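Please build the complex by placing chains B, C and D on the supplied structure of chain A, with the hints as guidance.
Protein chains: 4
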Amino acid sequence: MLDKVKSETRIEEITKQFNSVRKLTERLCQELEIEDYNLQAMAETSPIKWHLAHTSWFFETFILKCFEPDFVPYHPEFEYLFNSYYNSVGEQFLRPNRHLLSRPTVTEVFKYRENVTNRMMALLESKASGRLLEMLPLVVLGVHHEQQHQELLLTDLKYNFYQNPLLPSYSHKHVQNKSSHSKVVAHKWLEYQPELCVIGKKLGDGVKDEFCFDNESPQHQHYLQGFAVSNRLVTNAEYLEFIEQGGYEQAELWLSDGWAVKCQEKWNAPLYWFKRDGAWHYYTLHGPQPLALNEPVTHVSYYEADAFATWKGARLPTEQEWERVASSQSLKGPFLQSGNLNPSAQTQSSDEVMQLYGQVWQWTSSSYSPYPGYQPLAGDVGEYNGKFMANQYVLRGGSCVSSQEHIRASYRNFFYPDARWQFSGIRLAKDL
Amino acid sequence: MLDKVKSETRIEEITKQFNSVRKLTERLCQELEIEDYNLQAMAETSPIKWHLAHTSWFFETFILKCFEPDFVPYHPEFEYLFNSYYNSVGEQFLRPNRHLLSRPTVTEVFKYRENVTNRMMALLESKASGRLLEMLPLVVLGVHHEQQHQELLLTDLKYNFYQNPLLPSYSHKHVQNKSSHSKVVAHKWLEYQPELCVIGKKLGDGVKDEFCFDNESPQHQHYLQGFAVSNRLVTNAEYLEFIEQGGYEQAELWLSDGWAVKCQEKWNAPLYWFKRDGAWHYYTLHGPQPLALNEPVTHVSYYEADAFATWKGARLPTEQEWERVASSQSLKGPFLQSGNLNPSAQTQSSDEVMQLYGQVWQWTSSSYSPYPGYQPLAGDVGEYNGKFMANQYVLRGGSCVSSQEHIRASYRNFFYPDARWQFSGIRLAKDL
Amino acid sequence: MLDKVKSETRIEEITKQFNSVRKLTERLCQELEIEDYNLQAMAETSPIKWHLAHTSWFFETFILKCFEPDFVPYHPEFEYLFNSYYNSVGEQFLRPNRHLLSRPTVTEVFKYRENVTNRMMALLESKASGRLLEMLPLVVLGVHHEQQHQELLLTDLKYNFYQNPLLPSYSHKHVQNKSSHSKVVAHKWLEYQPELCVIGKKLGDGVKDEFCFDNESPQHQHYLQGFAVSNRLVTNAEYLEFIEQGGYEQAELWLSDGWAVKCQEKWNAPLYWFKRDGAWHYYTLHGPQPLALNEPVTHVSYYEADAFATWKGARLPTEQEWERVASSQSLKGPFLQSGNLNPSAQTQSSDEVMQLYGQVWQWTSSSYSPYPGYQPLAGDVGEYNGKFMANQYVLRGGSCVSSQEHIRASYRNFFYPDARWQFSGIRLAKDL
Amino acid sequence: MLDKVKSETRIEEITKQFNSVRKLTERLCQELEIEDYNLQAMAETSPIKWHLAHTSWFFETFILKCFEPDFVPYHPEFEYLFNSYYNSVGEQFLRPNRHLLSRPTVTEVFKYRENVTNRMMALLESKASGRLLEMLPLVVLGVHHEQQHQELLLTDLKYNFYQNPLLPSYSHKHVQNKSSHSKVVAHKWLEYQPELCVIGKKLGDGVKDEFCFDNESPQHQHYLQGFAVSNRLVTNAEYLEFIEQGGYEQAELWLSDGWAVKCQEKWNAPLYWFKRDGAWHYYTLHGPQPLALNEPVTHVSYYEADAFATWKGARLPTEQEWERVASSQSLKGPFLQSGNLNPSAQTQSSDEVMQLYGQVWQWTSSSYSPYPGYQPLAGDVGEYNGKFMANQYVLRGGSCVSSQEHIRASYRNFFYPDARWQFSGIRLAKDL
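Chains as they are written, first to last, in the UniProt record's numbering: chain A, 1 to 432; chain B, 1 to 432; chain C, 1 to 432; chain D, 1 to 432.
If you are wondering where the hints come from, they were derived from the structure by calculation, not from laboratory data. Among the hints, erroneous ones may be present.
Identical copies look the same in the list; a pair holds intra-copy or inter-copy alike.
Claimed, not checked - Straight-line C-alpha distance at most 20 Å; calculated DMTMM-like pairs for lysine to aspartate or glutamate:
id, residue 1, residue 2
1, 430, 214
2, 275, 380
3, 208, 257
4, 312, 383
5, 275, 241
6, 202, 431
7, 275, 77
8, 208, 405
9, 266, 91
10, 65, 380
11, 111, 33
Computed from a predicted model, the values in this text were never measured in an experiment.
Just chain A, with the same shape it has in the complex:
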């Protein structure tokens, strides 16, 4: 149990984090037009406005509603309108229709945010509350939840903007990409011997212990055969070679389901790649640009990652292999904080495995499933992770639009194998 002094420090720290995350979300919207807030090009993407409201709904529903004395809902319909998928909370407005909500307006949603932020701050400051220890873990969860939505806000917007032939830029900041003509470090295989290793993290609530999501727990032993991983990520140049050598036309390189999707969707390159005047370009959050060959390839599906690996005579790493490699390294990477909303080329050599973090989410060959002994969180937030443990694949490492504080070696992201709108890329592995 927390002693009093430590406890006060933690409350202050958490309050600060809360505040800073709320502000960052708003700062991410600062160059947008009102019209941009409601775009939704597919069910999987949500309008910005919805993200802004839903992250507030999370604090209102899971914290204010339980801990605020004399709680009154901000608006009687918001519990329904901004519930993402919590059946235990109640029914949800149909996901693909979120773009049909012109009201509440953007201004009204910002007011809602402000109201929730203020009430949360009041609650955090009223330290007297006897239920603080019960509440704080949920605040920390809400902070991490909002960080996830910050990333989605950017990837959804990128996807939605791309549907517009005018190809608007999200950010007009010029990123001095010094490396775009520099040479990428040479590819090398780094080997790991068989071993019984420890995977996952003890479930921490972010108050007494370091935070992690329930899906990263429990910590458990896992036997790893020997393997090797690439010292760096696959580049656009390497992926282009795959395309040019007919990778998209050879069924034998593909998983059966992947080939079917490829044919139906007529994929012939990563998402956002297009040709203009015969030259490959790609759409970025800084607008359309000539393809930078030395950057890590991104916006590929699991199927494409797997086909590429097969073509290379390699395979994707398992999530345990990835974690084994990553857990021995410190967390560093460009991340969202770099301001470059694209992954960047690895031009400086190192003996370590490079580009593990904050560049692109790396597809692993592991289906997203519960760790041995896994238990979802108690209460309504138990729907956060567990019910999605089917049909998805685990991705690791965080991307150029993840917050650095949000990511760890044990962090498990997950998407369907045909998803391409996240910053998802490829690291290769092979058997020893």
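Just chains B, C and D now, kept in the frame of chain A:
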């Protein structure tokens, strides 16, 4: 040919009309929030912003581009983005995706409108142009085109707003519906004897002659058997009786295709009807309200109109029957100008056929097909009407959101038989 | 009312017709394998076995059930299994699933047929029955119903066989197509002056009066503007020219709905046309063959027929124009009786309009809708025609697989505008 | 390498197996009507005739074509028509359309089978061939392949028959189900301690070594946490309790994807369960019968199995847990050989884990993915297993319609999580 004086008068009149129509469109938007301009709940509805841009595109593409000296497109992509369906002009941005265009912004589209309006005015005022007689008919066509979009703007918005559980009101003006408790005039059949009558209108360009669309021409003879029509429209009360007596459960009342749609869409009442606390309500542009039983029923499909008529032992009129009846009466009705964005009850009696105009579009049993001798307009505007002459049904009379100046006895509107989002209603007919 | 002698003669004639139609259906199946009886490649086509059972169901349900003393159903489930679309009779087994009924077997269905035929014969021979006059019209209706299914049986089989890469032949009889290299008669326009003419037929029950379907009645006056029709049908050679000159690539030739279907279905020629070693072939009920250029084009949709006509600067005839032309000619044509299961070239000249009957169903520009004063038959058979009067187009003239006795000048066939699996072809018309 | 004597014995054994498997396939068809051979109610099921041809195609394509001197294909189109999914062999006839092949007829397919069987026998008897050692493993693979299709033949037929309201019986043999009123043994948890165990099997070709599929290899170490498993399978009675207590209405019990499928497909019980006069029945290959409460539940999807386990406070076993349990027991079970085409109740007690084999395939929580170090077979047969390693779940144990000789502890079957037409059931597990 127009003599000079007459010609100047006509130019002034047309210029005035042009100006007034452009302004009306903008006035219709005046209470909207920016967020409302981009809603699109189904492919058939377009965002308001798109209507605003497309009606400007029409003048830019069919007039400025041909008649303006040194024409330069306002924006290189607008020809593509705001083309509705003119293949001869070029490819079109995918219709169901119009809501994905957050840019150009609403402000930018209003600037585009202003620019087009100003350039059109300049062109109209430079009377010297030798090609005036060629241009004026297209200006008139553009004016009527914009009037059609004014109606769609309102019906599309109604449909789009209805998807939002908050059920926003388009207009907060309180309409004193004096008649909502008054008694509707008694139903009577008015009879017409067999006769060879004249249907349609001579194609007029709106400059020398009164305007009509090409689909109303040529004027031709048509033999009508004897028939009778109802003296007024079918009311909500009458339609409710149909519902309560199981009209939506009896296959034998329905056309085969209609029954299939009804089952698939789970229709059990007109669009916008819903029950709240056990009582029927409907959504209107003035917001949700208790159902006014004495008003004409509206927002029914052709299939529902036909099933209702069958249930009544009657049928829908043919478009020729309707025109025969209407052409002997003067054009009067509430129309858009009344400000009541709902049809109104007929409480005052008359010996004439009542509620012909400006209340609800009346489904006829006539498929939308070319009149004998029909020729589409020459040039790109030839795609305006002719290519839609399949699978749709003709509706007559104009609605409470049509402009009075836009409607005539010979006016042919057309929609697919499953369409319900227009102000479409029912007038009955029968054989003698 | 029929006097006794006349009545006995009519009973004998009808009995003979009944017998002969039942036998013909079975003769049409005589070269089939058991496996062929259950094919169903799309919902619109039914398995042969289902046709055999349903035509027996018709007599059992509408006649035996009403007129047979001590009626007992042949099988308790057959009323449900073999009901096509009569809601008043009861629910129906799902149409697209008919191919899933391996049982009853073909042998069992032939036994069912035999049983129904025998019981019908017994009923017809027990002339004493007081309800004969009530029954006979239904027998005649059943005979005509079975003739319709004979045609469907062949067109459905053709469609279903075509899905098999082995392209089986239905008939191995060699048809000496003497004309396949002969020259088709020259195209000419034959003109008709404006006139108030009589269309349709008095509803006859086939007992006292000549039979017709309810949809051909009532006979009524119709005013026709002047028009011209082609003296013969459009040939494969002419249609090939349309293809080669880009007819399938020019949106401006097509109805809007037609263009959408064409694009989605990737049509680039009539159904059953394919290229082998660079040369056009077509699949026929006699197997695959090189395309005979002088034959009438067939297996085109309404949309293709309309686009072809537009390309020719002509149009399709209305059904009234067609009937006006046909009613002045005698009924002659190859029909099913010729044994040539393909339309044949017109190589012998005539001053009359040629190829009106028994070659290909000719698309008219008329939507299938009720004639003025139309009333469906009383009772359950009222669902025969009326409820389909929406979204379909009228075709006239009968085809090479129609029975000659089944067709008349007033006969109205109807299909959806995208249907191509019937022997549907093109006759041109134009305004004077 | 095999010495000569041993080799001759193996050839004889394999020849015998080959012969016996070919005969069993044919025996399974012996009570069918010709009409039954072509049913295909969904893409995932194939017509019986197609199974008969495809299993012959396998031997013709992978063995005769390579090893038969002067090989000539039996029919030029069969390579295309009866290829299931081997892209390296060539294109395939569209899977959902297999029911459209009325030709070749059943008789012709049996002739094809006979021809292939005879040629295979001739090849096996010509022991002189220098390539015997290369060929024999493929013969063994073909034998196991045909055994898989024997099971599919029965499960596909069950599904297809069920679409027919007549609910035909596949087998009229009366199975004396002595146990249908006997009491099922009590449920117990059997515990297993943590251990590093060996999973999988060394790849054996079935000639020198015991056969296994490539997906069971390589044998490798796997660390297992402690766990417990149920001593027997979940029964219909237990599953019925889940239904009656609202299991199908509580979203919180379900995986998110499972809930979506359940809602869309309107599942409220296992496949083949239906109510008749208020009492639960189920359709079996012996026809419709009252539900036997003491039998293992079967025909449930992964989603239902998982929801049931969650409701019980348990979970499904991983495939490694299942294999750990099963590998210590001998292979026994009813299997196909019992002639009871339904799983049977466990009424006799035992201290071992019961009902592991030959009852129902047991869903595991393991995604179907490659074992560490997995390599697909060389050559075209490399497409057999590997390319399906995505989006499916592993099932273990074999069912009442699997051949006993086909199953082992390491055997991995796999299906999509929404599949219900296999004999799939539930064994529970939990953490220690």
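Taking the hints in turn, this is what the structure says about them:
In the homo-oligomer, the alpha carbons of residue 430 and residue 214 lie at most 20 Å apart only across protomers (18 Å), although the nearest pairing inside one protomer, at 30 Å, exceeds that limit. Taking the shortest alpha-carbon separations for residue 275 and residue 380, neither the intra-copy value of 47 Å nor the inter-copy value of 31 Å comes in at or below 20 Å. Proximity of residue 208 and residue 257 under a CA criterion of 20 Å is satisfied in neither setting, with 45 Å inside one chain copy and 34 Å between copies. For a Cα distance limit of 20 Å, the shortest separation of residue 312 from residue 383 across copies, 18 Å, qualifies, whereas the shortest one inside one copy, 39 Å, does not.
For the homomeric pair residue 275 and residue 241, the shortest alpha-carbon distance inside one copy (15 Å) is at most 20 Å, but the shortest distance between copies (36 Å) is not. For the identical chains of this complex, residue 202 and residue 431 are inter-copy neighbours only, at 17 Å across copies versus 29 Å inside a copy, given an alpha-carbon limit of 20 Å. Taking the closest pair of Cα atoms, residue 275 and residue 77 come within 20 Å of each other only across two copies (18 Å); inside a single copy the shortest separation is 46 Å, beyond that limit. In this homomeric assembly, residue 208 and residue 405 come within 20 Å of each other (Cα to Cα) only inside a single copy, at 17 Å, whereas the closest approach across copies is 57 Å.
With identical chains, the CA atoms of residue 266 and residue 91 are at most 20 Å apart between copies only, with a shortest distance of 18 Å across copies and 36 Å within one. Taking the shortest Cα distances, residue 65 and residue 380 sit within 20 Å of each other inside one copy (12 Å), while across copies they are farther apart (61 Å). In this homomeric assembly, residue 111 and residue 33 come within 20 Å of each other (Cα to Cα) both inside a single copy, at 17 Å, and across copies, at 16 Å.
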